[in-house]
Amino acid sequence: MSANRWLATGNFFTTYQEEQRTFITNLDRLIFSIFLLILFTWPIFFPLNRTYMLVINNILVAVIAVLGLNLVTGFAGLISIGHAAFMGIGAYTVASCSRVLGDSHILITHFWPILILAGGAAGAITGAIVGLPSLRLKHLYLAIATLSFQMIFEWAIKFLTFFNQGQTISVGRVMWFTGEIGREKHYVFWYYVTIILIVVLGFGIRNLFKTRYGRALVAVRDNDRAADAMGMHPGFTKVYAFALSGFLAGVAGAVHAFLYKGAGIESFTLHHSITYLAMAIVGGLGTLNGSFWGPAAIQMLNLQVEKFSEYAGNYLPSAMNLATALRPFTFGLVIVLFLMFEPRGIANWWRITKSYTKTWPFRY
Amino acid sequence: MKGNELKVKGLKGISQIAITLVVGMALIGMASLANAGGKVYKIGLSLAITGPTSDAGNPYAKGVEDYFRFVNDTKLLGDDKIECTIKDDQYQTDVTKRNFEDFLDQGIVFYLNYSTGSTLALKKDFDEVEIPVLPASFHAGNVEDSKYIFLPIASYSEQTILLAEYIVKNNKGAKPKVAMFIHPSAFGRGPVSDLEKAVAAGLGIEIIEVVEHGKDLDNTAMLQRLMSKGVQYVLCQTIQSPVATMLKDAARLGLTAKIFGEAGKITFLGAHYTGGNDLIDLAGAGAENFFWTTSYTITSEPGAGTDAQLSLAKKYGRDDKAANSHNYANGVMVAQVATEVIRRAKEKGVEITKKALYDELNAMNGDKAYQPPTTVGPVTYSATDRAGVDSLQIYSVQQGKFKKIGEPITSEFIKKIK
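First to last, the protein sequences are chains E and R. Going by our numbering, the first sequence wraps up at 369, each residue one higher than the last. Going by our numbering, the second sequence wraps up at 430, each residue one higher than the last.
Pulled out of the complex, with its shape left as it was, chain R reads as follows (with noise of 0.2 Å):
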């Protein structure tokens, strides 16, 4: 008896050790195959979601989200996974700083960054770290004795010039008179030398002054001023608000001209920050016959870009304002822009690095152009071409809508001041 007692027992010992076992490899075999779900590869952004300039940063940041959200549940890189931590910063660089190392700690492989200062400011660190960077400065200088920062769409200066090969193109008498306003700091200033480069280059307008705005809530005197030196065109490259400011001033003192280049008015004029559906919230009926330019489509001239745009807001319940917003789109580009290298890196079957990114950027031209359906011209980078979209479109605010002139066109004189 006591023999098969203990036979019994030794048993079940061993059916309670097999059974551990088969429970523990099943769990192993579980967690490799939790495992075998795909890579992940990190990307980090920082921005101002509050602060200054959060009215810009905040659809920004939510086009990014959205679209890597869509990345992520359409399968868009197979079972890999891109996770993108996105940071407030208050637009303060000491902030931002800190965001980067942040990132640089959870081992990104790509950098999103905002502002124009803080772009400048850790330029020698994206160039220490070899980590390519998409900001959502387009400040021509952010590429300057840089190699890893890549500029999504043309620099202000590119827009600016531009606008004003358009005013000489389309004004009508002797040389146009042409003022430039623009925002109190490098975001702001950039373009001007450019331009005087360009007019120094040949191109037909007068400059007559540059104001930089500051806090002012009205510009009345300013706008008497410049009408009494002939004034004819204003260029703006600065945030809504001020431009707003300025619109409804001219308006209330009957200076804005009602069509393209009117005489005795003024026909105003801005690079991408200045304008957008804010801008018509915030000027109302002074925003009419401002004209714009931006390299993005824009919800108010629908097509497959917008309804693709409108589409991602939609899934993931945004509200209108941001479902419209161009910086919206905007953020929604930069992370096309993004997830195109890593798939085209992924398709090479090489490892998933800064490096490996870095260099599909560089191959991002000739027939490897990428185009995003959020803006008017495909997405070119080379080793000497750090601007994406070279196109860029006009708008003009036709009764309360921005709406397109002609076709995207690329400026000459940013050629020849190169």
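This is chain E alone, in the form it adopts within the complex (with noise of 0.2 Å):
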């Protein structure tokens, strides 16, 4: 390791655990320190109207999802077409509780964070059952599988009188130290949720990785043959991969419910879980930061594509309805674009990016 705490050139590690560790340097530390200082105080300095606060809380929502979504397609290689299935559980549960006892039940009002917490395990009790056949399953197949739950899933939520039948199923606000959190709050409160799930299960991943466990997800990914030889258990590790995945996706969901104060079919169509691949894919598939770039990125496009198809349908003849085929060509140019040029993703940028900072000013 570096003699010098604070700045390093280059890789140069003398013990596995200087290089497992989160921080290289000092310098790391602090940079990290003041970005989550930003992130945590720039809401009190530039308050944002409640429709910017909604766009910024979506796409925190997608980047648990997505951090879920990463863990099982990208580290551990099981290709998962079935996400937002995974996110309807989590939603589902709290829409459930709400429906049994009332949207203002102290359950939903006071006992939110374990509500979260119970959307989670829905979650990872459910992909746990939904990972099974990828002890069979392999590849297309095995995405196939994970395609049956989103279909099963949203016929269900469809058909079912006890999740009224797709339509939103009402939650009520959430109490806090200082009471009811209203309208003016309440994408803030939920900003500061987030975040805070965000950093805790960011860092839950990134020490996952430092054990056996998460370095088994990539074993299993690269050849689960040599993995078993190596002592590792590859249908126990696709299992709990879909299991974890399933409870990050469950948490998200329910802070969905949370957030828009509600839950329909709606939000967790097949639609929705090849929006979460598409992000999973531009940010970066097998990285932790491509978790946070690709929703960023996709959620975005999204909103700019959007602006400019309602544009569009203003001049557009409405008899062919070009306009609306705006949005799909959009999605499916920007991911093939980035498949052919940046398979890597955004992350990759932002790893070239860093290197050369950490040789700088030297090129080598």
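If you are wondering where the hints come from, they were derived from the structure by calculation, not from laboratory data. Take these hints with a grain of salt, some might be off.
Stated by the list, open to error - Keeping only pairs whose Cα atoms sit at most 25 Å apart, straight-line, the calculated SDA-like set for lysine to any residue is:
hint, chain 1, residue 1, chain 2, residue 2
1, R, Lys136, E, Gly184
2, R, Lys99, E, Gln309
3, E, Lys163, R, Asp157
4, R, Lys136, E, Thr166
5, E, Lys163, R, Pro196
6, R, Lys136, E, Arg178
7, E, Lys163, R, Met234
8, R, Lys99, E, Arg332
9, R, Lys99, E, Ala301
10, R, Lys136, E, Phe164
11, R, Lys430, E, Gln170
12, R, Lys333, R, Pro64
13, R, Lys227, E, Gln170
14, E, Lys163, R, Lys209
15, E, Lys312, R, Gly329
16, R, Lys93, E, Glu315
17, R, Lys209, E, Gln170
18, E, Lys312, R, Tyr328
19, E, Lys312, R, Lys54
20, R, Lys430, E, Thr166
21, R, Lys136, E, Phe194
22, E, Lys163, R, Asp106
23, E, Lys312, R, Asp106
24, R, Lys159, E, Gly187
25, E, Lys190, R, Asp114
26, R, Lys99, E, Thr335
27, R, Lys99, E, Met58
Computed from a prediction, not measured in an experiment: that's the story for all the values here.
Assembly of the complex is requested from the two constituent chains, each provided in isolation within its own frame, with the hints serving as guidance.
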């Protein structure tokens, strides 16, 4: 390790522990601390209106979901096309409580953190069950198994009266130490909740990869027979990858239900599953920071395309409905372009930028 | 000399200051004159301009936009203007929610919503911010446990029950066997339980089957099944495209009744969003003898209302498809109601706020009922009446055009089951 704990040029480690450090230098730690401080304080100094806070919250909820998807698809190499359904499990866990107990029951208003964890737990259990076919199936066949879960989920929600046949089930406002979180503070409050969740879960995943359980995910992805020969259990690893991914998706879904004050099937369809997959690909599969870049990039792109197609809708002939086609066309194009020219996603740009600053002002 | 120069310089300085002051005052005066041009009342509309159901949303948006332009251009509110922001939500509730928050940030006093799903999902938000809302959805559930949602016309339930009453009145022979063909959502399912209640209350039909359609491109099997069960009438509560597919299949199989209630054949009937010119475009000759109900006047039955609709569309350069759409009329009508409540509140000299407009809507009854030219009856609201136009007109397709059948009527059984 470099003698200077504040600056380090290049990679030089004398122990495995040094290489596994979350922050290589004190400067890294300081920059991250400042970044966190900014994340927690900017809404106080630069308050945004509710619309933009909702957009930001949407991105943050997607970050939690894509962290989960990246675990199962990026790190463990198991394609999942049912991620929105796992989110839906979390959301409908909260919504079911609301339906049975009433949307302003004390469990929802006061014990909402427990409900968020319950959403995660429900997602984890479902993930483990859906992950069982991964003991026998691989690649595209496994993808089809997760797709069928998505279909079953949508069908069940749309046709069971308990779930209001897919129409929104209302979830009440929550309480904090200062009292009920009203309209004015709603989005700022959920911004802080989501940020805290992301920090905790992000560090959790970062530390997971320092353990044998985390490394087993990557080993099974790269070669499950070799991993088996090395003493790992590929079957168990795959199932627990799905369970972990389901937990994160469930947490994201539960937060979504509280954020939107309700859960409806419209937010957890196949289209959303594919969008989360696109976020993971564009951000960078198998990278932790890709889970942050992808949702931000896709959501911002979505907003711009939305504005453009709305504008185009006023001028393109309505009979042909060309404006409707602009959104899927743009999404498809972005994913294809990323796969062609930057398959490692935006995370790779971040890696290049970091390695450049590491050696600066030297070229090598 | 020096003294004179100083004097001249001093005078120059004073005159420069004076000119600056005069110009400044003039600018301030002009600015205040500009402000005196009138007030601006903000309204928001979120709907599907693209995505699912945009075939209805697109002309609807144009109707709203054109009428508010007309209000401003012709100074219907004097110097005051209506500023209506229209945003596309692609028929997604999450996007509608974002649009609604955006409108609230802009300070709207009246809100126009679109889909059943988003109206139900945002119901609590409307109550929280106490804003009057006119949705494009006529789902009866919209107004349950809600103070601020007002349906523009009779609910889908009322439309369906009225069609069932029409069947009972005109059916010859035994108790008519009816099937329902509905959209797989709250929009489609809403009237089913209400119709069942009406049957329980004595409406003389037998509901044989309720079919929730998918995205089938062929309905042969379903139609044959209905025939085998002796179904004579199919009541549709969905959008135009699945109805058109079914009508084409029925025509191909020779199952469509040539006259209402023809024995051994099926007569098709539908509520507001099943019909209109788009249905004829999609189903072609298969649409012949399709029976449809709505509270709007339609351009194939010319009158003062449709003339006004067509001239408005022409004034703002709309194509024939939009100009003749009943959804364009639908958009014009909600804009007319919003304008009317603003006009009435202004007339009273009260400040235009959400509450003032809400109060005006609730007072719109009796001799204060409002008669827009685009509907077949007056718009009435009160604290207990949340459906605007209660009268419904039945139309049927005759030689490729929707034609009126009789005069506007109201449902009897809807009152019994309320």
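Going down the list of hints, with the structure as the test:
no., hint, in the structure
1, Lys136/R / Gly184/E, "holds (19 Å)"
2, Lys99/R / Gln309/E, "holds (13 Å)"
3, Lys163/E / Asp157/R, "holds (23 Å)"
4, Lys136/R / Thr166/E, "holds (21 Å)"
5, Lys163/E / Pro196/R, "holds (8 Å)"
6, Lys136/R / Arg178/E, "holds (11 Å)"
7, Lys163/E / Met234/R, "holds (21 Å)"
8, Lys99/R / Arg332/E, "holds (16 Å)"
9, Lys99/R / Ala301/E, "holds (22 Å)"
10, Lys136/R / Phe164/E, "holds (24 Å)"
11, Lys430/R / Gln170/E, "holds (23 Å)"
12, Lys333/R / Pro64/R, "holds (18 Å)"
13, Lys227/R / Gln170/E, "holds (18 Å)"
14, Lys163/E / Lys209/R, "holds (23 Å)"
15, Lys312/E / Gly329/R, "holds (23 Å)"
16, Lys93/R / Glu315/E, "holds (24 Å)"
17, Lys209/R / Gln170/E, "holds (20 Å)"
18, Lys312/E / Tyr328/R, "holds (23 Å)"
19, Lys312/E / Lys54/R, "holds (20 Å)"
20, Lys430/R / Thr166/E, "holds (22 Å)"
21, Lys136/R / Phe194/E, "holds (19 Å)"
22, Lys163/E / Asp106/R, "holds (18 Å)"
23, Lys312/E / Asp106/R, "holds (15 Å)"
24, Lys159/R / Gly187/E, "holds (20 Å)"
25, Lys190/E / Asp114/R, "holds (15 Å)"
26, Lys99/R / Thr335/E, "holds (20 Å)"
27, Lys99/R / Met58/E, "holds (18 Å)"
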